[in-house]
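Undergrad: Here's the letter readout for the chains.
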Amino acid sequence: MAYPQMVMYDEEFRQINAVIEKLLREANAKVIFLVDKNGQLITGCGETERFDTTSLASLTAGNIAATGGLAKLIGEKEFSILFHEGEKDNLHISIVGGRVILVVLFDSRSSLGLVRLRVKKASEELTGIFDRLMKKAEEKERSGVQEFPFAEITDDDIDNLFS
Amino acid sequence: MSFINYASREINCKIVYYGPGLCGKTTNLQYVYQKTAPEAKGKMISLATETERTLFFDFLPLALGEIRGFKTRFHLYTVPGQVFYDASRKLILKGVDGVVFVADSQEERMDANIESLENLRINLQEQGYDLDKLPYVVQYNKRDLPNIVTLDELRRELNPTSVPEFEACATTGEGVFETLKAVAKLILIDLKKGR
Numbered sequence: 375m376a377y378p379q380m381v382m383y384d385e386e387f388r389q390i391n392a393v394i395e396k397l398l399r400e401a402n403a404k405v406i407f408l409v410d411k412n413g414q415l416i417t418g419c420g421e422t423e424r425f426d427t428t429s430l431a432s433l434t435a436g437n438i439a440a441t442g443g444l445a446k447l448i449g450e451k452e453f454s455i456l457f458h459e460g461e462k463d464n465l466h467i468s469i470v471g472g473r474v475i476l477v478v479l480f481d482s483r484s485s486l487g488l489v490r491l492r493v494k495k496a497s498e499e500l501t502g503i504f505d506r507l508m509k510k511a512e513e514k515e516r517s518g519v520q521e522f523p524f525a526e527i528t529d530d531d532i533d534n535l536f537s
Numbered sequence: 012m013s014f015i016n017y018a019s020r021e022i023n024c025k026i027v028y029y030g031p032g033l034c035g036k037t038t039n040l041q042y043v044y045q046k047t048a049p050e051a052k053g054k055m056i057s058l059a060t061e062t063e064r065t066l067f068f069d070f071l072p073l074a075l076g077e078i079r080g081f082k083t084r085f086h087l088y089t090v091p092g093q094v095f096y097d098a099s100r101k102l103i104l105k106g107v108d109g110v111v112f113v114a115d116s117q118e119e120r121m122d123a124n125i126e127s128l129e130n131l132r133i134n135l136q137e138q139g140y141d142l143d144k145l146p147y148v149v150q151y152n153k154r155d156l157p158n159i160v161t162l163d164e165l166r167r168e169l170n171p172t173s174v175p176e177f178e179a180c181a182t183t184g185e186g187v188f189e190t191l192k193a194v195a196k197l198i199l200i201d202l203k204k205g206r
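Each protein sequence line maps, in turn, to chains A and B. When we follow the working numbering, the leftmost residue of the first sequence carries the number 375, and every step to the right adds one. When we follow the working numbering, the leftmost residue of the second sequence carries the number 12, and every step to the right adds one.
In case anyone wonders, no lab produced these hints; they're calculated from the structure. Note that the structure is a prediction, hence the values are computed from the model and not measured. Careful, some of the hints might be misleading.
Lysine to aspartate or glutamate pairs mimicking EDC-like chemistry, simulated, CA-CA at most 16 angstroms apart [what the hints assert, rightly or not]:
| id | chain 1 | residue 1 | chain 2 | residue 2 |
| --- | --- | --- | --- | --- |
| 1 | B | Lys204 | A | Glu385 |
| 2 | B | Lys192 | A | Asp530 |
| 3 | A | Lys510 | A | Glu385 |
| 4 | A | Lys509 | A | Asp426 |
| 5 | B | Lys203 | A | Asp529 |
| 6 | A | Lys404 | A | Glu423 |
| 7 | B | Lys204 | A | Glu526 |
| 8 | B | Lys192 | A | Asp529 |
| 9 | B | Lys203 | B | Glu50 |
| 10 | B | Lys196 | A | Asp529 |
| 11 | A | Lys446 | B | Glu21 |
| 12 | A | Lys404 | A | Asp426 |
| 13 | B | Lys52 | A | Asp426 |
| 14 | B | Lys196 | A | Asp530 |
| 15 | B | Lys203 | A | Asp531 |
| 16 | B | Lys54 | A | Asp426 |
| 17 | B | Lys204 | A | Glu515 |
| 18 | B | Lys196 | A | Asp531 |
| 19 | B | Lys196 | A | Glu526 |
| 20 | B | Lys196 | A | Asp533 |
If we strip away everything but chain B, and leave its shape as in the complex, we get (with noise of 0.2 angstroms):
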């Protein structure tokens, strides 16, 4: 949940990027961080293992400025994508304010994709949420890869109930703010409707 704080006039929201092991959701951070000013953002923690693969999480910090007088805060999470690492995810996910999918278009991680998705509903669902009623984008990323899945498959696999999209190629920025602007909107849209 969003953390308000009236003495010091600040809102934290919590961001997570979640999606199958390799599908680009610290690359999606990455991007970020590269892109953002200084002044905007803070350090970014990856507790990765030796081989870069993510092993907790990684975590910005993103400070976009004011709205109504109070400093609104982003902050960004990945979780560990790899299978094995269930255990870590649900962690990650308390306090979620807003979730980004990161789908991996090729085809052979197709499996991959629905198998998170359907993880990602079920640790939601034990932390006490509910998918379709969070602050919610999907992006299918790898976009310029050749041996890719159609955006009518995609959407028919990944996006039944049609939550804003986005295609990305997350290595080269494409499709990244998008998506990150989008999350970012639904959620403040959701404070705004006093939850």
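This is chain A alone, in the form it adopts within the complex (with noise of 0.2 angstroms):
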């Protein structure tokens, strides 16, 4: 398969959380939230219920393949910065480690220089978070410890989610 299964632990989610709290305050952002690259989202924080963040992390994720994309055919590898300017609010948007997107909603409380500087400091905290992430649910494969939920279900669970 293409990519690894996405996986989200219970120590990490915290550590991610206490992260993108922490560049919440220092950006003077309004609202950050984590999005895989396939478009599913991770976590957010700040004014989060103001927003439909499904919607946004799906058009984020878009957004970041097309951009992706377009990178390729000017043989860039991805294009890792993406900023947005609104009248009054602005989109930075950035890759982290790779694999997951990292978005952060901002107004004129804050400035675009301030919101690079904090996030460069965020990305290198959250790299480390997702690559331990990643070490662990391949440890856990490998090693057969199978805390998967979905390996009891029955076809009368399938069933009922539809009734």
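Two chains, two separate frames, one set of hints: put the complex together.
TA: Below, the structure is given as structure tokens:
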């Protein structure tokens, strides 16, 4: 398969949330969220309830995928940072550790320079956490430790979803 | 690939509707959207041209309920069907967990169906997937129209491996949920195997 299965555990989830909450404060941002390159929302913090985060995640991933396609066409590996400037709010989108997308929404209370600076530091921390997460998932798979919740599902469980 | 979050107890899966231009992929999603309870669905997003042709993708998130304490979410995507949007189609297949091929049953669209199916296979291969190993179902759409190809012929041309297949009329909704349910079930069974 093209990508290994994306798995998230409690310990890393807490660490990741701590990093983005710190970034939210230090960058004076409104909302921050992390998205898998496939468009799945991993986590978010800040004024998340004001936004449709599922749609934001999907469109962000589409955006990164489209600009990634553009990059390849001109011989670049990828464009690792995207910046969208609006009248009030701006989006700073960056790729972390090659596989996760970090989205920072900010307004005039912050600045692009500050966001870039803080994102750079947070990215390094996040890359470390995601590397550990991947290793952990691989090790669990290798050692055959299956805590997988779906291993015991029955046909009835599946049918019930659609009832 | 599906995303399993043990921290928030969620599983997210991605389903892609593929097929030739104007075969009814967007119509499938629109019907699912209309008929799903508000609490189970998110906003449907369509990135389309002014003439309502899909430009990049349609997106519909569905939260179907819980299995063994895990919230089970399906993200439904369509690809742009028109031939020249191939670069966009490849992008949308990234991380796919299950595929629905929507065929247009009309005689004059048979060549387009075959071309699109071939294109699906190639684009999946480029991403490292094998269509024969993915959860995959076929839908024969527009069965209500007069100039349609027989089921036998559709089967022969478009479903040689005999995956689950459904007759449908996406505008009235016939076969739409049967198709979705079948592919979702295949994905969950695939997950169960632990891959």
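Undergrad: If a hint holds in the structure, say so; if it doesn't, say that too.
TA: Do the hints match the structure? See the list:
no.: 1; hint: B:Lys204 x A:Glu385; result: 26 angstroms, violated
no.: 2; hint: B:Lys192 x A:Asp530; result: 13 angstroms, holds
no.: 3; hint: A:Lys510 x A:Glu385; result: 11 angstroms, holds
no.: 4; hint: A:Lys509 x A:Asp426; result: 32 angstroms, violated
no.: 5; hint: B:Lys203 x A:Asp529; result: 11 angstroms, holds
no.: 6; hint: A:Lys404 x A:Glu423; result: 11 angstroms, holds
no.: 7; hint: B:Lys204 x A:Glu526; result: 9 angstroms, holds
no.: 8; hint: B:Lys192 x A:Asp529; result: 12 angstroms, holds
no.: 9; hint: B:Lys203 x B:Glu50; result: 26 angstroms, violated
no.: 10; hint: B:Lys196 x A:Asp529; result: 9 angstroms, holds
no.: 11; hint: A:Lys446 x B:Glu21; result: 33 angstroms, violated
no.: 12; hint: A:Lys404 x A:Asp426; result: 14 angstroms, holds
no.: 13; hint: B:Lys52 x A:Asp426; result: 12 angstroms, holds
no.: 14; hint: B:Lys196 x A:Asp530; result: 11 angstroms, holds
no.: 15; hint: B:Lys203 x A:Asp531; result: 12 angstroms, holds
no.: 16; hint: B:Lys54 x A:Asp426; result: 8 angstroms, holds
no.: 17; hint: B:Lys204 x A:Glu515; result: 13 angstroms, holds
no.: 18; hint: B:Lys196 x A:Asp531; result: 10 angstroms, holds
no.: 19; hint: B:Lys196 x A:Glu526; result: 14 angstroms, holds
no.: 20; hint: B:Lys196 x A:Asp533; result: 8 angstroms, holds
Violated hints, in rising order: 1, 4, 9, 11; the structure is consistent with all others.
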